Each structure stands twice: as C-alpha cells, then as structure tokens.
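Trainee: Given only the sequences and the hints, what does the whole structure look like? Please build it.
Respectively, the protein sequence lines represent chains A and P.
Numbering-wise, our numbering puts 130 at position 130 of the first sequence, and it's gapless, one number per residue.
For any residue, its number in our numbering is found by taking its place in the second sequence, counting from 1, and adding 1000.
A hint or two may mislead.
As the list claims (entries may be wrong) - Straight-line distance between alpha carbons at most 27 Å, and here's what the computed DSS-like set of lysine-lysine pairs gives:
#1 P:K1033 - A:K57
#2 A:K33 - A:K47
#3 P:K1057 - P:K1047
#4 P:K1057 - P:K1041
#5 P:K1057 - A:K57
#6 A:K57 - A:K33
#7 P:K1033 - P:K1047
#8 P:K1033 - A:K33
#9 A:K33 - P:K1057
#10 A:K57 - A:K41
#11 A:K47 - P:K1033
#12 A:K57 - A:K47
#13 P:K1041 - A:K57
Simulated from the structure, these hints should not be mistaken for laboratory data.
Here the structure is a predicted model, which means the values were calculated and not measured.
There are 2 protein chains.
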Amino acid sequence: MSNPPDSEPEIDPRRLEILGVAMEILREQGYAKTTMLAVAKRARASKETLYAWFGNKQRLFDEVIRAKADRMNRDLLAGLDGAPAVVLRRFGENLLTLLSSDDSIAINRAAIAEAPRDPAFGQALAAHGRQRTGALMIRYLEGQRDAGRLTFEDPARAFESFVGLLVGDAQVRMLTGAIPPLGAEEIAARAERATVLFLRLYGNS
Amino acid sequence: MSNPPDSEPEIDPRRLEILGVAMEILREQGYAKTTMLAVAKRARASKETLYAWFGNKQRLFDEVIRAKADRMNRDLLAGLDGAPAVVLRRFGENLLTLLSSDDSIAINRAAIAEAPRDPAFGQALAAHGRQRTGALMIRYLEGQRDAGRLTFEDPARAFESFVGLLVGDAQVRMLTGAIPPLGAEEIAARAERATVLFLRLYGNS
DNA sequence: AGGCTACCGTACCAATGGGTACGGTGCAAG
DNA sequence: CTTGCACCGTACCCATTGGTACGGTAGCCT
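Mentor: This is how it looks when you write it as structure tokens:
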C-alpha cells in the first residue's frame, strides 16, 4: 500500500469535494430545500454525475451524514486520558460545541425530518455518532471505576446521566429553533457544572 | 357568558374536529407528507373551507400545535402538591409518557423539520409547552426550597438538571428513530432513578 | 491520429401538492 | 317561497424538483 500512513484507503478527493458541498448546502438550506441541482451547480458537477455516483438524493446524504459523523466523532474523542474531573469537563465542552454547531444541527434536523418516511438517516447517525462515542466513554468510565475513582452500577446509565446533566433539553430546543446555539461561556459553564454534579453523584472522595 | 364553567370561550366544535383530524394525519404521516387534501377529505370538508378558515397549511398546523401543546401541558401538570420525592416521580413519569407519545413525537418532528424554513412552529411549541411547564415546576421547586426541603442556587438550572437526568438523550433518539418510544417499565425506572439522583444532589436529609 | 471514457450543461419528463375558482346543495332567515 | 350564505366536491393552475436523456468536450490510452 502506498497510502500515506493515516488516510482512509483510496478516497477520491473529487467525491469528498462533492460531499463537502452537499454538507454546505444542507447546512444553509435544510434537507427539504436542498436540491440536487443546487449541489451539482456549486460543485461544478452535473446532476447526471451525482446520480451516477450516488444513486439518489437519499443515498448522497446518507454518505454525507456518515462522513460528517465519523469526522465529528473523531474530534470529539481526542484526549480521553486523565482524571474524571478533567476528562469529563473537556468531553463536555467538546460535545456541547459539537451539538451547537451548524453542521450538527443541520444533520440532526435532516435525520428527524426524514424519520417518518425512512429511519435510515437516524440510524446512520446513531451508528456513526452516539453509539461509538457512548461505547468509548463507557469504557473510560469503567476504567475509572476499576481504578477506584468512581462508583456506579450501570456505566451506560452513568454516562447518560452525565450527558443529561450536561445537555438538558438544550439540544432539542436548538433543533426546534426555540433557542439559539449555545455560546462559548454557556458551554464552559455547563461543562463545569455537569462535571461537578456528576462527581458529586458518582465520585469517590 | 353561558359557557359551562371550565370550557374555553366559544370554541366551534367543527373547528376542533378539523384540528383533531389534522393532528391525526400529522401523527400518521409526518408534516411533509400531510396534504391539505387529505385533511379535507378525512374531515369531510373541502380544501376551500380549510383555506378560508386557516389561511394556509402553516397556519393550520400552527393552531394544531398550540391546541395540542396546551392540552398536553394541562395533563402534565396535574397534581403538583406534596413532597418532592412523590411529585418529581409523578411529574417524571408524566413527562416521559408525554415525550414518548406519537403525538408529541410527530409535533416535535414537524417543528424541527420546519425550523430551517420558519421557526414559527418551534416557538409556538416552546411557548405553549416547555415554557409554561418550566415556570410552574420552577415555582414548585422554589416553594420546596423555602420550606427547607431542597437546596440549590438557580431553580431553573435545578429543573433542567432534573429533566436531563430523566430524559438524557432519549428524546432526540426517539425523534431520529434510533430507538422506539419508551415502554412503561423503562419510564417508571427512569422517573424513579432521576428522582433519587436529584434528591441526592439537592435534597436535605 | 483516432477513439473511448468520463463528465459537464441543459433540456426534458412526470409527479406532487399548495393554493384558487366554480358549480351545486342544504339550510336558515325573512 | 325566495334569497343568500356557508360549505362540499372537484377541476384546475402552476411552481418545484427528483430523476433521465442527450449532445458536446476534454483528456487518456493505444
């Protein structure tokens, strides 16, 4: 293999460019108003090429979602070593920043809007996002429990508690447009607070 | 006024019937696939009447959302007297039952799907749902604090903590279709657990 | 050079659905 | 009985958009 060390195998850059443009328009317009023609035009491609490569609108955006979720997940899970107080705070800030991003909001809106017709987006999003994140964080929490720094019964529930304390219903309210995306200070405050509360519930000291 | 004591003033029952049918189809089909013709047909009305009464699709469903949210809210907030341990558990069960209902899921999906185009649904939903619920629960929590049974700084944040512990990210996952609606046992377990954790954080004893 | 492949741009097709117009009907007031 | 209003049912208009077809061109292989 002549690949540079840590690139995915054989990704056509032109394909990535198209996916990027599709994400861009999804972010700006929402799924319903995003048209294949608009994607083709901005990517300086033809509709026919889009259909040849991706089959249809749904499959195109399925790939957009997978790619974006993978990338977000990778960013989110950087640096999961250390004491819970610092790891949780950092993870919390990263997660809230992610959930407040235009990209995340657009993707979640698309998945939710299409769910009645077809749960494919939602499932792809879950599989590439929340599930992987959850698995890793749960493993981390178990490690900390084994090291005697935390106490809980069910690590999955403990993790969901942390997420709940952190996010509350802010994500849904951002998705509905009831509140604007969280600002940096609010994010920091929430991460700090959720960490403190979590440790009060499950920390040993 | 010759109204019976606690009915809304002068609500045309025919109008209510149409709103009910619209909600029914919204629940079955989702907003995008719900057509004005389908509503008219099932309500044995004509499209022209729908447009004469409601103006357009958006305003029709705006009213659907308001009416439904008001009704849900009323059910949710019944019986808010007593000790936190029992009130919170009951409220938690009610809220989770509500959020797991087909109606709530359909309405939230509609609000989120339309948010990029127009935040009207989301704002109506927030104003008639979450905001009123939150205000009442916050007042309750403050009362309990004044009675010496709870301790916290910011009642709004305390309330959001409870909701977070209760719901976690289950609502978003139901909306995306990643998980099916919560069952009765899961609801009871979550309400119990959230109450216990909340009291561990904020209870005096 | 000749031809093949991939792709661009655009025109086209067909379905869908919001919104309007209109003729017909039942009912209530005068 | 007559008039008129509210409403039903249906036909219609038109903009949008997913998806297809096709002619033209640029580059690559032989």
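Trainee: Hint by hint, note whether the structure agrees.
Mentor: Hints versus structure:
Distance check on the hinted pair: K1033 of chain P and K57 of chain A sit about 17 Å apart at the alpha-carbon level, within 27 Å; holds. With a C-alpha separation of about 16 Å, the suggested pair K33 of chain A and K47 of chain A falls inside the 27 Å cut-off, and the hint holds. With a C-alpha separation of about 11 Å, the suggested pair K1057 of chain P and K1047 of chain P falls inside the 27 Å cut-off, and the hint holds. Between the alpha carbons of K1057 of chain P and K1041 of chain P the distance comes to roughly 15 Å, so the proposed pair stays at or under 27 Å and holds.
The straight-line distance between the Cα atoms of K1057 of chain P and K57 of chain A is roughly 26 Å, inside the 27 Å bound, and the hint therefore holds. For the hint pairing K57 of chain A with K33 of chain A, the CA-to-CA distance comes to about 12 Å; that is within 27 Å, so the pair holds. For a cut-off of 27 Å, the pair hint linking K1033 of chain P to K1047 of chain P stands: about 16 Å separates their Cα positions. Proximity of K1033 of chain P to K33 of chain A is assessed by CA-CA distance (about 15 Å); at most 27 Å being required, the pair is judged to hold.
For the suggested pair K33 of chain A and K1057 of chain P, the alpha carbons sit about 17 Å apart, so the restraint of at most 27 Å is met. Distance hint between K57 of chain A and K41 of chain A is fulfilled; the C-alpha atoms sit about 15 Å from each other, no more than 27 Å. A threshold of 27 Å between alpha carbons decides the hint, and for K47 of chain A with K1033 of chain P the separation of about 25 Å falls inside it, so the pair holds. Taking the CA atoms of K57 of chain A and K47 of chain A, the gap is near 11 Å; set against the 27 Å cutoff, the hint holds.
Distance hint between K1041 of chain P and K57 of chain A is unfulfilled; the C-alpha atoms sit about 31 Å from each other, more than 27 Å.
Going through the hint list in order, the structure does not satisfy hint 13, though it satisfies all others.
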